[in-house]
Amino acid sequence: MTAKVTVGDVERVAELAHLELTAEETPGMLHDLNAILDYVAELNELDTSGVEPLAQVTELLSVGGASELRDDAVRPSLDRAVVMGQAPETDGAFFKVPKVIER
Amino acid sequence: MSSEEKIADTFVEKPKTLAALRADLENGRAKATELANSYYDRIARVNPQLNVYLSLTKERALAQADRVDALAAKGDPLPLLAGVPVGIKDVLVMQGAPATAGSKILRGYQPPYDATAVAKLDAAGAVLLGKLNCDEFAMGSSNENSAFGPVHNPVDTERVPGGSSGGSAAAVAANMAVATLGTDTGGSIRQPASFCGVVGVLPTYGRVSRHGLIAFASSLDRIGPLAANVRDAATMLGVIAGHDMNDATSSPAPVPDFAAQSDRPVEGLRLGVPAEYFGEGLDDEVRSAIEAGIEALKAAGCSVKPISLPHTRYAIPTYYLVATAEASANLARFDGVRYGYRSKASANLSALYSHSRDEGFGAEVKRRIFLGTYALSAGYYDAYYLKAQQVRRLLAEEYLRAFAEVDAIVTPTSPIPAFKLGEKTGDPLAMYLADIYTVTASLAGICGVTVPCGTTNAGLPVGMQVLAAHLQEGTAFRVARAVEGAQA
Numbered sequence: 001m002t003a004k005v006t007v008g009d010v011e012r013v014a015e016l017a018h019l020e021l022t023a024e025e026t027p028g029m030l031h032d033l034n035a036i037l038d039y040v041a042e043l044n045e046l047d048t049s050g051v052e053p054l055a056q057v058t059e060l061l062s063v064g065g066a067s068e069l070r071d072d073a074v075r076p077s078l079d080r081a082v083v084m085g086q087a088p089e090t091d092g093a094f095f096k097v098p099k100v101i102e103r
Numbered sequence: 104m105s106s107e108e109k110i111a112d113t114f115v116e117k118p119k120t121l122a123a124l125r126a127d128l129e130n131g132r133a134k135a136t137e138l139a140n141s142y143y144d145r146i147a148r149v150n151p152q153l154n155v156y157l158s159l160t161k162e163r164a165l166a167q168a169d170r171v172d173a174l175a176a177k178g179d180p181l182p183l184l185a186g187v188p189v190g191i192k193d194v195l196v197m198q199g200a201p202a203t204a205g206s207k208i209l210r211g212y213q214p215p216y217d218a219t220a221v222a223k224l225d226a227a228g229a230v231l232l233g234k235l236n237c238d239e240f241a242m243g244s245s246n247e248n249s250a251f252g253p254v255h256n257p258v259d260t261e262r263v264p265g266g267s268s269g270g271s272a273a274a275v276a277a278n279m280a281v282a283t284l285g286t287d288t289g290g291s292i293r294q295p296a297s298f299c300g301v302v303g304v305l306p307t308y309g310r311v312s313r314h315g316l317i318a319f320a321s322s323l324d325r326i327g328p329l330a331a332n333v334r335d336a337a338t339m340l341g342v343i344a345g346h347d348m349n350d351a352t353s354s355p356a357p358v359p360d361f362a363a364q365s366d367r368p369v370e371g372l373r374l375g376v377p378a379e380y381f382g383e384g385l386d387d388e389v390r391s392a393i394e395a396g397i398e399a400l401k402a403a404g405c406s407v408k409p410i411s412l413p414h415t416r417y418a419i420p421t422y423y424l425v426a427t428a429e430a431s432a433n434l435a436r437f438d439g440v441r442y443g444y445r446s447k448a449s450a451n452l453s454a455l456y457s458h459s460r461d462e463g464f465g466a467e468v469k470r471r472i473f474l475g476t477y478a479l480s481a482g483y484y485d486a487y488y489l490k491a492q493q494v495r496r497l498l499a500e501e502y503l504r505a506f507a508e509v510d511a512i513v514t515p516t517s518p519i520p521a522f523k524l525g526e527k528t529g530d531p532l533a534m535y536l537a538d539i540y541t542v543t544a545s546l547a548g549i550c551g552v553t554v555p556c557g558t559t560n561a562g563l564p565v566g567m568q569v570l571a572a573h574l575q576e577g578t579a580f581r582v583a584r585a586v587e588g589a590q591a
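First to last, the sequence lines map onto chains G and F.
The first sequence begins at 1 in the working numbering and counts up one residue at a time.
The second sequence begins at 104 in the working numbering and counts up one residue at a time.
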């Protein structure tokens, strides 16, 4: 947990996150990430062996408990024309994007 | 709110209580349409200085006000929030208004439905005035991360209102709404409420449906009310709470009458004061104000005992790993394809994604997506994300053990009062530490209320945070009422 982030890491993470950093932005991000990761390394002080991870808290609510799953039934959804009306580019039925497969 | 009113150094003005507004409407002393228009007048006068509202929904608001007036004219019973002017944080979707989440990436987006909490306010007769400024995607503690500029604190316009629900807190403090909705992921209702001198509620996780909330960190995000007094905040929570088939994490627990619960005296309640919330970094004047509040609670008949929550110091690192990991996944949906901003300069699909996101997201959002993506990436998952989830359980269990012995825990909401605009923008870590007293309750899923509790010598508001166990909002409201009652 003491790994220092490198420029290579920043580039790899940018690719994973579909973000592009300009040459000016990269050093700042590198600095901030290292500072934050140094700080969160404090967690290493704690022995958590055998502790079950807690991903969400619904299990802790003793009253009421977790919500039951609803019936798997068809319900009305938003109108297609309304949804497509929000798209930056559409033919009315589909979202349009630049060509993915060259032929 | 006459039109001759001068804008003084301070923009602070107390809204009428819900009970007073209701009485005015019922006996014909006021009309909902006039009330709505008077709020729009005030917004027009003070919004240029405070930057609280991002958009106004006059057409929808006045149509609702008309309906309320028609009911009142017929002498029909009025719904609970009839005619009450309310503002909505702009991370919740609402028909008739753009939803920006404080970001450029949602440019042009007009949501075609109401969030469940918004729909419930609407059904209760509330007049929805417009959408409130906030940090981009609710990521921030000062409202300075909004793509549309910061909100100014009505108490002192050179200071931040807190964040991320800065607009929601400032709107109530400046009487630009009677009550508002905010959202709280790590402190984003409680900290701005304390900075602006209003009441803010963190409901139990699952108490209020998140349907229609633009997600930041789904296991932490909560929607809650802000109001000028505790009873009105409790009434607002009662309206928006309850199970919703559109949010599988919403709780099926019955919704009690929170306002009635808040009326009960506090005598005999057991309060815990955790040493870890009164240590290094706590401003002396904030400490004095909170200690005076605790004395008032003793005088009202509460028993007070010191408790220890030793894992507290690990809460901020845990929170920033969990929250950013979830954010990196949630914000993947903003890709320039289905809604919002699309970069013009995109030769292929991959470039379309990355250019749209790079041009659309602000610096703090990018920083958090980076941190979250890194923490979830191959080789680091166990060391960061899994570790944080394990510590999250330790933090939650620590609170549950404490609540076996006390009914509520009282702390400062923030270690410091509202700071100056620009004071912390250069240092992300310093900004994160502003949430030091609020993030643990977020991780544990418990509920809480922040209530004004004195001021600093300079007149800046101080907030006391009252925390209670899961689904025990009524207890937090009772204690907060007692603190409120003890204010001069």
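Keep in mind that the hints were calculated from the coordinates and are not lab data.
Watch out, some of these pointers could steer you wrong.
Derived pair list, reagent style DSS-like, types lysine-lysine, alpha-carbon separation capped at 25 Å [as the list claims (entries may be wrong)]:
(1) F:161 with F:119
(2) G:99 with F:447
(3) G:96 with F:207
(4) F:408 with F:207
(5) F:117 with F:408
(6) G:96 with F:447
Here is what the structure says about each hint:
no.	hint	result
1	F:161 with F:119	21 Å, holds
2	G:99 with F:447	15 Å, holds
3	G:96 with F:207	21 Å, holds
4	F:408 with F:207	48 Å, violated
5	F:117 with F:408	34 Å, violated
6	G:96 with F:447	13 Å, holds
When held up to the earlier numbered hints, the structure conflicts with 4 and 5 and fits the remainder.
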